[in-house]
Amino acid sequence: MNNKDDEDCSESWDCIAVALPSPREKYNFTVSTASSSNMREKKPSTSSATLTNTDTVRPLANTEAARPKVVTVKHPESNKPKPTAKKNKPIQADLDVIKEFMRCREEGDKRLDLSKCSITSLPPNVRDLTHLVEFYLYGNKLVALPVEFGCLTNLQTLALNENSLMSLPDSLANLKCLKVLDLRHNKLSDIPEVVYKLTSLTTLFLRFNRIRVVGDGIANLTNLTMLSLRENKIKELSSGIGKLINLVTFDVSHNHLEHLPQEIGNCVNLSTLDLQHNDLLDIPESIGNLQALTRIGLRYNRLTAIPSTLSNCKHMDEFNVEGNSISQLPDGLLASLNELTSITLSRNSFMSYPSGGPAQFTNAYSINLEHNQIDKIPYAIFSRAKNLTKLNMKENLLASLPLDIGTWTNMVELNLGTNHLTKLPDDIQCLQNLEVLILSNNLLKRIPPSIGSLKKLRVLDVEENKLEVLPNEIGFLHDLQKLIVQSNQLTSLPRSIGHLTNLTFLSVGENNLQYLPEEIGTLENLESLYLNDNPNLFNLPFELALCVSLQIMSIENCPLTAIPPEVVSSGPSLVIQYLKSQGPYRAM
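Quick note: the sequence shown uses my numbering, first residue 1, plus one each step.
Don't read these hints as lab results, they were simulated from the structure. Everything numeric in this text was worked out from a predicted model, so none of it was measured. Careful: at least some of the hints might be erroneous.
[As the list claims (entries may be wrong)] Okay, derived cross-link-like pairs now, BS3-like style, lysine-lysine, Cα gap no bigger than 30 Å in a straight line:
1. Lys243 with Lys233
2. Lys197 with Lys235
3. Lys141 with Lys233
4. Lys466 with Lys423
5. Lys233 with Lys187
6. Lys99 with Lys233
7. Lys466 with Lys445
With the sequences and hints as input, model every part of the structure.
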C-alpha cells in the first residue's frame, strides 16, 4: 500500500520557495496522449513505425531485402548547435580562491558567489571577509570548513548545499547574525551541535542528508519560520520541536517517522506541514491546535484514522491522504473544513463515501476516490458541489451511476475506469462541459447515442469493454482529439468517424474489425493509429494515405492479406507508400 516512489516525491508546497525547488503536485487524471488507459505498451513493436510526409515511395521490387521498420527523418534543425548552459569558470587552485578573497575584501563586497567552482577547500584568509553578508558556496566539493570561517560575524545568508560536508566547525557559533543556512545535499549523519547555537536562524534547509536524529537542541531555534528536513532517515522528532512557535513551514517528508510528538500542537503559526512518505501510524490530537494550517501532507503513510480535532483547522484548502489504510473519516470532518477545494482520498480502504452529506463538497472542484472499494455514488451527494469539475472514481466497485448524474453539469473530467458498469445512462448528454470521459475496463455493451451531445469532449476512453458497435452520433464530437476503443468486440467503425477532423490519436486494436471506412482519409490531423490485433482485418483503404499527419501506425497481428506480404513485413511506412501508389491518390 505504501508506494514510496521517489519520482512521486512531491505533493509539493508552493510556500517552500525560499531556496527549495518544489513543483506543486496536483492530481490530474486526464489521459496522456502517449498511451491509452493501459495502452498495451507491448503493441508498437516491429509493426509500429514512425511515418513522415517526407518519405519517398521506394520501388517495390527486391523488398525482401532488409529495410528499417521504423522510419525517422532528421530535421534540418537537428544540425544546429545546441545551446549550452553557462557555467562559472572553475577555480582550480587554492591560490585562485585566495585572490578572490583578497579582491572581495579590497572592494568591500557584501555578497560573494563562488558556487559551482569545483572548490575542494577554503584557505585560512577566509577570516578576512568579515564584511560579508551573503556567501554562496553551493555546488562545490567541500568536505570541511576551516575554523576561520567563524570570523564572518556579519554573515546573514550562507549557502553550503550540494557539497560533501560531514560536519561543521564549532566556530560557526560566532555567526550571531546568520538567518539563512542551506545545507541541502551534503553527507551529514546528524544535525551538527553548532547549528543549535545559531539562534538567529529563520530558515534552515537540511534536505537530502543522512540525518537520523533531531536533537533536543532544536528547541533553541525559536526564530525559525522555515525548517526542511525532507529526505533524510529520521525516525523520531524531539519534543523540543514544540518550542518553534514561529514556525510557518515544516517539511519532514520522506523520512521514517512512525509518530509525531504531541508538542507539535504548540507550533500554532504553522501554515504548511508536510509529513508525506513516512511510516506514520497515527496523528496526535494536538494537531487540532494548528488553526493557521492551510495544508497538511499525509500521503503515503500507514494511517488507519484521522483525528477529529483536525476539524479545527478550518483554513485548509487541500486534504490529501492518498496511500494510507483509512476506511472512514470522523463524522462531518470534510463539512467542517469548508474552505477545501481539493479532496484526495485515493488508495485507501473506503467502502463508501465519507459521512457528511452534500455539505462536505460545497467548495470542492476536485474529488479523487480512486482505488478504494466503493460500490455506490450516493444520490444527490454532489447537489451542493457547484464548483465540481473533476471526479475520479477509477478502480472501485461501481455497478451503476446515480440517477441524478444529469445534474453534474459543471463536470469537465470524469474518470469511471475499472469498475463494474454495465450501462452508461442517456443523461450523460447533460454534462455539456465534459472534456474528458474515461470508461475503460468496465462491462459496457453500448454507448448511448446521446454521447453525441458532448460537444466539448476531447478524450473518450472506452478500452476493454464489451462494445460491439459505436453509435453514428460519435461523429458529432468535433472537438475529439483522442478516441480509445481498444479491446472491445467491434467489427466495424461508423462512417461518421470521418467527421472527427481534430482527432490526433485513434486506438482500435484488439477488436474484430473487418475493414476501415474510407472516410478515415479525412482525418488530416491524425498522428497515431493503432490497428493491432484485429484478426479479420485483411485490407486497408487507399484513403488511409491521405492522413498526412500520420506518424505512428501499429498493424501488428493483422493479416492484411490483400497487401503484398513483402510490403506488410517491411512495416507501416512502406504500407502507406503502397496504398498511395496503388490508389487513385498516387499523383497527390
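Hints and how they fare:
no.	hint	verdict
1	Lys243 with Lys233	22 Å, holds
2	Lys197 with Lys235	23 Å, holds
3	Lys141 with Lys233	23 Å, holds
4	Lys466 with Lys423	11 Å, holds
5	Lys233 with Lys187	12 Å, holds
6	Lys99 with Lys233	40 Å, violated
7	Lys466 with Lys445	5 Å, holds
Of the hints listed earlier, the one the structure fails to meet is number 6.
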